[in-house]
Amino acid sequence: MAFRVITSEIYGNLGRFERVRPGLFRSESGRVHVLGNGNPNGKGEGTLFLDHAKYTDAVTGYDVPRSLVVCDDYFGIHPQSVAPPTLVTEFDQRKLDDIFLTLAELKFRNELAMRSSARADLLKNWPLYIIRLIAIRQ
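When we follow the numbering used here, the leftmost residue of the sequence shown carries the number 781, and every step to the right adds one.
Watch out, some of these pointers could steer you wrong.
[To be verified] Simulated restraints, written as ranges between beta carbons of each label pair:
(1) Ala884 with Glu789: 31 to 37 Å
(2) Gln873 with Asp837: 39 to 45 Å
(3) Asp877 with Asp837: 24 to 30 Å
(4) Gln873 with Thr836: 35 to 41 Å
(5) Asp843 with Lys887: 15 to 21 Å
(6) Leu876 with Thr836: 29 to 35 Å
(7) Asp852 with Asp877: 16 to 22 Å
(8) Pro845 with Ile790: 39 to 45 Å
Don't read these hints as lab results, they were simulated from the structure.
Where a beta carbon is used, it is the ideal one built from N, C-alpha and C, also for glycine.
With the sequences and hints as input, model every part of the structure.
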């Protein structure tokens, strides 16, 4: 079985992740999946830290909700602080489709909470993507 170990400058060891398929990994708790081979970045690292802490030390951890963390290499877009952001409409459509197929494969519910640092274009288009997810699930 293939594994990926993810670490962070801030949190240290974030855990060992079992390869589910190329580019998709499952945490030791089974509650968190990671899509991509790059850096999970801020919110992703925090999610992985809380999940790993709960798995290794129930006192300091937290039962995170089932989560899919998308790494920065997945779309080939890295943190953008100065330049205009890449809009979700400019993403590779096959990659977007794969995210929703992955959510269906992992049997995520249709009711999803999504958190992103992306700007308004992403937020105004999420309802369209939720509708696509529901259509894929049915």
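We went through each hint and held it up to the structure:
Taking the beta carbon of each, Ala884 and Glu789 are about 34 Å apart, inside 31 to 37 Å as hinted. For the pair Gln873 and Asp837, the supplied restraint of 39 to 45 Å holds, since their beta-carbon distance comes to about 42 Å. The hint said 24 to 30 Å for the Cβ distance between Asp877 and Asp837, and at roughly 38 Å that hint is violated. The supplied range of 35 to 41 Å is met by Gln873 and Thr836, whose beta-carbon atoms lie about 39 Å from each other.
Between Asp843 and Lys887, the C-beta spacing of about 18 Å keeps the proposed range 15 to 21 Å intact. For the pair Leu876 and Thr836, the beta carbons lie near 34 Å from each other, so the given range of 29 to 35 Å is met. The given range of 16 to 22 Å is respected by Asp852 and Asp877, whose C-beta atoms sit roughly 19 Å from each other. For the pair Pro845 and Ile790, the supplied restraint of 39 to 45 Å is violated, since their beta-carbon distance comes to about 22 Å.
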